[in-house]
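A.B. asks: What follows is each chain in one-letter form.
2 protein chains.
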Amino acid sequence: AATAIAINDLLNLNLTSTQLIETAAMGESASAGSPHADNVSAAILGDFTLIVSREPLEVLRLRLPPNAEFAIVLPEIRVDTRLARSVLPRQVDLSSMVYNIGRAAAFVAGIALNNVEVMGKGMMDAVVEPARAHLIPGLNHVKELALRAGAAGVAISGAGPSIIAIVDSNKKNTKDIALAMKDAFEEVGVRSKPICAKPGQGARIIRRE
Amino acid sequence: AATAIAINDLLNLNLTSTQLIETAAMGESASAGSPHADNVSAAILGDFTLIVSREPLEVLRLRLPPNAEFAIVLPEIRVDTRLARSVLPRQVDLSSMVYNIGRAAAFVAGIALNNVEVMGKGMMDAVVEPARAHLIPGLNHVKELALRAGAAGVAISGAGPSIIAIVDSNKKNTKDIALAMKDAFEEVGVRSKPICAKPGQGARIIRRE
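First to last, the protein sequences are chains A and B. Using this note's numbering, you'd call the opening residue of the first sequence number 267 and step up by one each time. Using this note's numbering, you'd call the opening residue of the second sequence number 267 and step up by one each time.
FYI, nobody ran anything at the bench for these hints, they're computed from the structure. A few of these clues could be false.
Copies of the same chain look alike in the list, so a pair counts if it works inside one copy or between any two.
[Stated by the list, open to error] Distance condition first, Cα-Cα at most 25 angstroms in a straight line; then the derived DMTMM-like pairs of lysine to aspartate or glutamate: (1) Lys438 to Glu324; (2) Lys437 to Glu324; (3) Lys441 to Asp359; (4) Lys441 to Glu321.
All of these numbers come straight from a predicted model, not from anything done at the bench.
Could you put the whole structure together from the sequences, leaning on the hints where they help?
C.D. replies: See below:
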């Protein structure tokens, strides 16, 4: 994503953000086996992005509540993205679909209402996460301790193995939650790196030489 | 829903809106075979409601854009709600789930962004509507003509047989779209009643005697 933005600037291509996302999405083929725009949309636009349509590509950006922060732990284990995709079920129960649609809608509604607690409830997932849980030893323990430490919600970050918790920074210290997650991994014998993050504003040109 | 509100007022029960929704949801058993809160939530709270959790019941309300209006046609055919539920698939493709989650998120994002066009895109459905299409003769024709007349989106209303289109009233006349839908039903030999609606504010006590 940053490369696409840099080349766009260097060669004065004047691509729209949608064109930049399409270009950067092709780069995802190298790591994931097929082009997809999920990650590069957010890397280019910042905040929360939603792919409304793939062809033609249409991406929305929603501004996150200022008190939404993220506690992330990167465990020292490797989960191949292709493997993480291959364990997904091809078919899901209708009731699981309804549940997940409710969660996704709640997450976006939480953004609309500036309500981090509701966003956290929207991070639950009855389909993808259960299928991938066995790839990340300690996942459920880390999730439990993150919630006990006051996270509003917690989920596998993308295809994993990182785990991401959302924190209402008006109520809790994000660093405390990141450390609780690191400790939880340690309790099951996995070393990990805690990170605190705030929503970014997307990749930007910082200097021209 | 209105009955629950009236009795609450008459007997000074001082129930919360959540308790009112729970009570009214039981009444749905009579028509649909099981209690569910989808319809009565909106009837009690007004605007757009989202059930975040069933037990305990937690319902969110989002204010709709002021230019969101609805064109509805009620065809003179009968679709039993229990039948409409029985035709649903028990399992759905993962890709259909992902598609529908994207639509639901887009619908809520459209509300957050006050963007009726995006809300309309969020009304598409790869699972439930295709399964029920055969219960409503002319469905696809009515949808097509609604979109051609300028509706932002169109879908079966609940379990049907009514069809509901969302209209950006800054751009199009809702009545024109309702009439286009009525004409479309007529072209396939189905009589129907067109209705124009704006989001309501929920059931209210209008007079005490």
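A.B. asks: Hint by hint, where does the structure go against what was stated? Just the numbers, ascending.
C.D. replies: The structure breaks hints 3 and 4; every other hint is satisfied.
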